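Protein chains in written order, with the numbering used here: chain E, 1 to 192; chain D, 1001 to 1208.
Treat the hints loosely; a few may be bogus.
Listed below are several chain E residues computed to face chain D (Cβ distance under 7 Å; list not exhaustive) [as the list claims (entries may be wrong)]:
{"#": "1", "residue": "P148"}
{"#": "2", "residue": "D151"}
{"#": "3", "residue": "Y152"}
{"#": "4", "residue": "T155"}
{"#": "5", "residue": "N156"}
{"#": "6", "residue": "V159"}
{"#": "7", "residue": "M169"}
{"#": "8", "residue": "I172"}
{"#": "9", "residue": "S173"}
{"#": "10", "residue": "A177"}
{"#": "11", "residue": "L181"}
Ranges between beta-carbon positions, derived for each pair [stated by the list, open to error]:
{"#": "12", "chain 1": "E", "residue 1": "T184", "chain 2": "D", "residue 2": "Q1118", "range": "39 to 49 Å"}
{"#": "13", "chain 1": "E", "residue 1": "G166", "chain 2": "D", "residue 2": "R1090", "range": "38 to 48 Å"}
{"#": "14", "chain 1": "D", "residue 1": "G1120", "chain 2": "E", "residue 2": "D125", "range": "38 to 48 Å"}
So these bits of chain E aren't anywhere near chain D, every CB distance computed over 12 Å [unchecked claim]:
{"#": "15", "residue": "G46"}
{"#": "16", "residue": "K47"}
{"#": "17", "residue": "T122"}
{"#": "18", "residue": "N126"}
{"#": "19", "residue": "M128"}
Derived by calculation from the structure, the hints in this document are not laboratory data. Quick caveat, the model's predicted, so the values are computed rather than measured. Every residue gets a Cβ at the ideal spot worked out from N, C-alpha and C, and that includes glycine.
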Amino acid sequence: MSVRLRYHVIVAASLLGACSSDSTPSPDAASVGTGPAAKLKCTSSGKNAFDTFGAAAFVKVNESIFTNVNTEVTAHGSTNVGDSFTKIGTGQPAATTDDAATFKGRLAAFLVYVYGGPDAITYTDNKMYNGSEQDMTVAHTGLGITGPQYDYFVTNIVVPALTTNGVTMDDISSCFAPPLLDATFKATIVGH
Amino acid sequence: MRWTRALVGGLGLATIAAVAIHVPYFVRGSQGGCPFGYTKVAASGPVHHDPQLRGSAVARQRPALAFALGATSRADVAAYAAAHGGGACRDQHGELECANLAITGGPTLTTAWFAFDQHGVLDSMRTVRRDRAVAPISTTFANLERELTASAGEPAMTSGSFDPIDLARGPLRQAAVEYRFTNYRAVVRATNMGDGYALTEEYANLVD
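Pulled out of the complex, with its shape left as it was, chain E reads as follows (with noise of 0.2 Å):
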């Protein structure tokens, strides 16, 4: 197990900029990565993800997400996201007993941690998220997740969130690509 790193970033909603290099985190925080990600390298930069687009492109990529998710929601009902949202408050899973805020608290500590920053973030409600301690693998038994629902959620979902942030194609496929299209990620979350 590696050392747990808790570095706090404090990221106010009001970040604006997503790339700009207002965004990119002090040198020290650049050493504290852990996540599957710390080591790849974007293309424009040659440092990770997080060390490239800082705390406030992660907010706002996070954001976008939901944005999209949204859209996707209301617009085309679950059948591409899963059907996941028949079980919310239930608990069944138990990510579903979250709040709002607290699952996209969640979320954004994930990213940050997976793309190089610390393993926990306090986020713009000021609230403290752990990204590497999340093991959400029984979340998604009896979700039924299929691939073609994988695929179009990565596809439609999470890379504009990325594009229209800003983040080049490059970069998209240099280093944050690789951990969403591994196999073995994959595998796990389709079919359950």
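Given the coordinates of chain E, assemble chain D onto it according to the supplied hints.
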């Protein structure tokens, strides 16, 4: 592997959270507003009827592959599926999910989801096609863009390159084209999925 477990949890969280977070407000008819400020969704009808997602011009035609928005019924789709290799479709929360539908002029639809309005006719459809080779996806994207532009009108936005060389440059490279009209919306995306290529399409009727 630790990181794989984390990824699993994370994307699961992403999927569940993203879906879950809004469902109570729309599917369950909550009295509250969306916590993220997405409360401008029409009180009735899907979000693609929201003025913000409409264009300013009227589409000359509203193509949707082999189907007709505002006309094709659930039975029509089922019949098409039976006749084109799709076999039985399944109902999912009021929508119809069909697999392996053969479509003229491109790869088979791996999966298609059909949503119907209160009159029982096609309101929107979404599709995913998969192919291991870039050429069929790139060519189909190009053909669709050409056909949609010719029949509906100019796209509202385009991004990325559907050139097979560009798409093949790396994972999650994507070309997209979106059409927005007062009565019609279509989005087509071609994406490098690492282990192959995906073409996703959306066609929506915006007529209230």
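Here's how the hints hold up against the structure:
1. P148: holds (4 Å)
2. D151: holds (5 Å)
3. Y152: With a minimum Cβ separation of about 6 Å from chain D (threshold 7 Å), the hint on Y152 (chain E) holds.
4. T155: holds (4 Å)
5. N156: holds (6 Å)
6. V159: Check passed: Cβ of V159 (chain E) comes within 5 Å of chain D, closer than 7 Å.
7. M169: Where the cut-off is 7 Å and the nearest Cβ of chain D is about 5 Å from M169 (chain E), the hint holds.
8. I172: holds (5 Å)
9. S173: holds (3 Å)
10. A177: holds (4 Å)
11. L181: Result: holds, 4 Å to nearest chain D Cβ.
12. E:T184 x D:Q1118: 39 to 49 Å: holds (43 Å)
13. E:G166 x D:R1090: 38 to 48 Å: holds (40 Å)
14. D:G1120 x E:D125: 38 to 48 Å: holds (43 Å)
15. G46: Since the minimum Cβ distance to chain D is about 16 Å, G46 (chain E) lies beyond 12 Å and the statement holds.
16. K47: Since the minimum Cβ distance to chain D is about 18 Å, K47 (chain E) lies beyond 12 Å and the statement holds.
17. T122: Holds, since 18 Å exceeds 12 Å.
18. N126: Label holds. Min Cβ-Cβ 15 Å, cutoff 12 Å.
19. M128: holds (16 Å)
Consistency note: the structure conflicts with none of the earlier hints.
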